[in-house]
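Protein chains in written order, with the working numbering: chain A, 1 to 333; chain B, 1001 to 1275.
Hints in this document: simulated from the structure, not taken from any laboratory. Bear in mind that the values here come from a model prediction, so they are computed numbers and not experimental data. For every residue, glycine included, the Cβ atom is placed at its ideal position computed from N, Cα and C. Any given hint could be a false lead.
As the list claims (entries may be wrong) - With a Cα cut of at most 25 Å, we get these calculated DSS-like pairs of lysine-lysine:
{"no.": "1", "chain 1": "A", "residue 1": "Lys256", "chain 2": "A", "residue 2": "Lys305"}
{"no.": "2", "chain 1": "A", "residue 1": "Lys277", "chain 2": "B", "residue 2": "Lys1130"}
{"no.": "3", "chain 1": "A", "residue 1": "Lys279", "chain 2": "B", "residue 2": "Lys1131"}
{"no.": "4", "chain 1": "A", "residue 1": "Lys277", "chain 2": "A", "residue 2": "Lys256"}
{"no.": "5", "chain 1": "A", "residue 1": "Lys279", "chain 2": "B", "residue 2": "Lys1264"}
{"no.": "6", "chain 1": "B", "residue 1": "Lys1254", "chain 2": "B", "residue 2": "Lys1264"}
{"no.": "7", "chain 1": "A", "residue 1": "Lys256", "chain 2": "B", "residue 2": "Lys1265"}
What the hints assert, rightly or not - Which stretches of chain B does chain A cover? Using the computed rule of at least three CB atoms under 8 Å from a CB of chain A, they are:
{"no.": "8", "region": "1011-1018"}
{"no.": "9", "region": "1187-1197"}
{"no.": "10", "region": "1207-1219"}
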Amino acid sequence: MSKEVTISSTATVLKAENITAYYKLLAGDVRALEDVTFSLASGEIFGIAGESGCGKSTLAATLSTVMLPPLKLIGGKLFTDDGRSIFELRERTLRREIRGKYLALIPQSAMNCLNPTKKIKDLIFDAVKAHDPRKPKMEILKIAMEQFAEIGLPPRALQSYFFELSGGMKQRSVIAISSLLNPKVLIADEPTVALDVSTQKAVLDLLVRLRNKGIVQSMILITHDIAVLRQIADRIMVMYAGMVVEIGPTEDVVFKPLHPYTEALISTVIVPEPDIKKKVLTGIPGAPPNLMNPPPGCRFHPRCKFAMSKCKEEVPPLVTTNGRTVRCWNYAE
Amino acid sequence: MTEQVILETQNLTKVYYSGFVRKTSVMAVDGVSFNLNKGEIISLVGESGSGKTTVARIILKLLRPTAGKILYQGKDISLLRKRQALTEYWRHVQGIFQDPYAPFNLFYKVDRVFDIIFNLFAESFSKEEKKKMIDASLMMVDLNPEDVLGKYPHQLSGGQRQRILVARSLIVNPEILVADEPTSMIDASTRVDVLKVFLNLRDKQGLSIIFITHDVGLAYYISDRMLVMQKGKIVEEGRVEEVITNPKNEYTQKLLSAIPTLTKKWESTEKNETG
Chain A
1 MSKEVTISST ATVLKAENIT AYYKLLAGDV RALEDVTFSL ASGEIFGIAG ESGCGKSTLA
61 ATLSTVMLPP LKLIGGKLFT DDGRSIFELR ERTLRREIRG KYLALIPQSA MNCLNPTKKI
121 KDLIFDAVKA HDPRKPKMEI LKIAMEQFAE IGLPPRALQS YFFELSGGMK QRSVIAISSL
181 LNPKVLIADE PTVALDVSTQ KAVLDLLVRL RNKGIVQSMI LITHDIAVLR QIADRIMVMY
241 AGMVVEIGPT EDVVFKPLHP YTEALISTVI VPEPDIKKKV LTGIPGAPPN LMNPPPGCRF
301 HPRCKFAMSK CKEEVPPLVT TNGRTVRCWN YAE
Chain B
1001 MTEQVILETQ NLTKVYYSGF VRKTSVMAVD GVSFNLNKGE IISLVGESGS GKTTVARIIL
1061 KLLRPTAGKI LYQGKDISLL RKRQALTEYW RHVQGIFQDP YAPFNLFYKV DRVFDIIFNL
1121 FAESFSKEEK KKMIDASLMM VDLNPEDVLG KYPHQLSGGQ RQRILVARSL IVNPEILVAD
1181 EPTSMIDAST RVDVLKVFLN LRDKQGLSII FITHDVGLAY YISDRMLVMQ KGKIVEEGRV
1241 EEVITNPKNE YTQKLLSAIP TLTKKWESTE KNETG
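Excised from the complex, chain A in its bound form (with noise of 0.2 Å):
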C-alpha cells in the first residue's frame, strides 16, 4: 500500500542534483558528499542508511542549508516544487522563506543541547518570531497547543523545561517544534538514538502520524538503523563514503538489494527473529576509506567482493531502471 502512494504521487517536493559538498581543511579536502541526486516525492517517507562517516548528517546540514564552515558547497543544485533554486537565494529569503517553513531540521542530539533556563513555549516564540516578528504571543500559544494536541502530547509539556521531561518526551517536543510551521519536508537526522525502544517507537509513530495529518508533507529519516527504516520508510537511499550507492522502494531494497555494499549491510543488521541465530554473519571486511584521500573508482571496491579492474579506475554512474537506482558497474553498460 505504502509503494502505491508512492507511485501515484509524481509532485516532487525536493531535487537534489549532483550536490557535492567539501569540508575545506589545513589538511585538504574532506570530500564527504559527492554528487548526491536523488528527488523526494510528495507525501513520502524517505529513508537515508549507512554507517557513521558516510556523509548522512552532511547531506542533513546541506539540504537544510546551514553549511557553517569548514563544510562548503562545492557544487550541485536543489530545488523547491516551484522550481527555485534554494542554493542561489538570499540568506534573507532563506531565513524567511525557506527554513523552518519549507525545509525543517531536527538535528542530531537536538534534544540533548536545548536551553535549560527556558520553558518549552519559550523557544517556541523565538523560532515563530524569527519568521512572523509581529505575532502576538497569545496567538502563538494557541497554535502550540492544537499543535501538541494534535500530535498526542500533553498541553503541560509547553509549560516545562526541557530537563522536566523524559527522552521521549523531549524528543517529540523538539519535533514538534520543528514542525510548527507546518514545512513542507522534515529532516530527521537520527531521531531515535539513544532511545529505549518503546520510546523509539513512540517517536516514529509519532513521524508518521505527522505525515499522515498533513503537517509535513514529505520527510527525510536519515538513520545507521535498516530495521527502523524498514518500518517506516516508503523508500531507501543507501550511502557509502559520501556517494549514494542506491535508492529503491523499501522492501525491495531490504530484502533484494543490487548494491554489494547494500547487500553486506543488509546482512549485518541483527534482529530478535529466530532465523537469525542460525545465519553466519561475516560483516564487511576492512573499514570505510578516509574522505581527505577516497579510493580512486568506486570507493567501495578495496571492500567489495566482486570488484573488477573497471571499478578501481573509474567511478560508476547512477544508473535508474524500473524506479531503482544503483550507482555500480555490474548495473551500468
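Start from chain A and add chain B according to the hints.
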C-alpha cells in the same frame, strides 16, 4: 555440557542515595539472583535505567552492593576489601566497556593500553615475555599483531579498538568476561567481528561471558540464556529461543513488540491510514 556454576549472585541489591538535607534513594538493583555456568554466555537485557550496568559494576567489584552476595566458585567475594585480594579476583574476572575510544590516549601508540594489565600479576615479566603474551592474545581476537601494534588510535576502526581491549583482558587468562554494551558504539559492518570474537572465546577457551545490552536482537544472537531486567528486577529468565518465541512476562512481550525487525512490519503504525 556439564553445568558447572562459576558465578552466582544472591539477592543482589544496590540503593543509591543522593541529596543532603532531603535524602532521596533510588533502588537501582533490587534482589537480583542468577547463576552463570562455565562456558556460557548470558545476557542482561533491559532499557536504560533498568540496573544492568550497576549489576556489571558490582560483579566487577567497582561498586559495593548494599546487600546480597556474589559467589565466585563458591567463595563470597562481596566482602573483599584488600587490594591484593582484589587484584587476585580481577585476574579471574575482567570487564569490557561501552566506549572503545576512552581507554586510549590519542597521543600514544595503542601498545600503551597493555602496560597496566601486567600490574595485576604477582610476578613480573621481561619485555619479550610481555610481547609474546600480547601477540598471543591479539591472535585470539582475530587481529594480526603487526597490523595494530605501533599504530595510533585514530588509525584503527572502532571494532579493532574494541578487540584490542578484549585482547588486553585476555592477557590475564580470565574465567569470566563482563561485557557492558561492548558493541553499541561500533558500526554495523565491524560489529560482527567483535561478536564473533566473543562466540569464539566461549567455544574455544570455555570462557563465561556476561553480555549486557539494550539490544534484544544482539542478545538473542550471541547468548545462550537471557535475563530481562526492568526497574532493577529480573522479570524473565530463560533460554533465548524460549524468551524470544514465547515470552511469559508482560514487560518482555511489550519490549519485543516494540523492536523493529526486517521481515515483519508493525501493525500499530498509522502508515496505511491515508493510503
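Now the hints, each set against the structure:
Restraint check for A/Lys256 and A/Lys305: the C-alpha separation of about 18 Å stays at or below 25 Å, so the hint holds. For a cut-off of 25 Å, the pair hint linking A/Lys277 to B/Lys1130 is broken: about 37 Å separates their Cα positions. Under the criterion of a C-alpha separation no larger than 25 Å, the hint pairing A/Lys279 with B/Lys1131 is inconsistent with the structure, at around 36 Å. Between A/Lys277 and A/Lys256 the alpha-carbon distance is near 21 Å, which keeps this suggested pair within the 25 Å criterion.
Distance restraint check for A/Lys279 and B/Lys1264: the Cα-Cα separation of roughly 18 Å lies within the 25 Å cut-off, and the hinted pair is therefore satisfied. Straight-line distance between C-alpha atoms of B/Lys1254 and B/Lys1264 comes to about 16 Å, which keeps the hinted pair within the 25 Å bound. Distance check on the hinted pair: A/Lys256 and B/Lys1265 sit about 17 Å apart at the alpha-carbon level, within 25 Å; holds. Residues of the region 1011-1018 of chain B with a Cβ under 8 Å from some Cβ of chain A number 0, which does not satisfy the need for three, so the listed coverage is violated.
Under the rule that three or more residues need a Cβ within less than 8 Å of chain A, the assignment of the region 1187-1197 of chain B holds, with 9 such residues. Closer than 8 Å: that is the beta-carbon criterion, and the region 1207-1219 of chain B has 6 residues meeting it against chain A, so the requirement of 3 holds.
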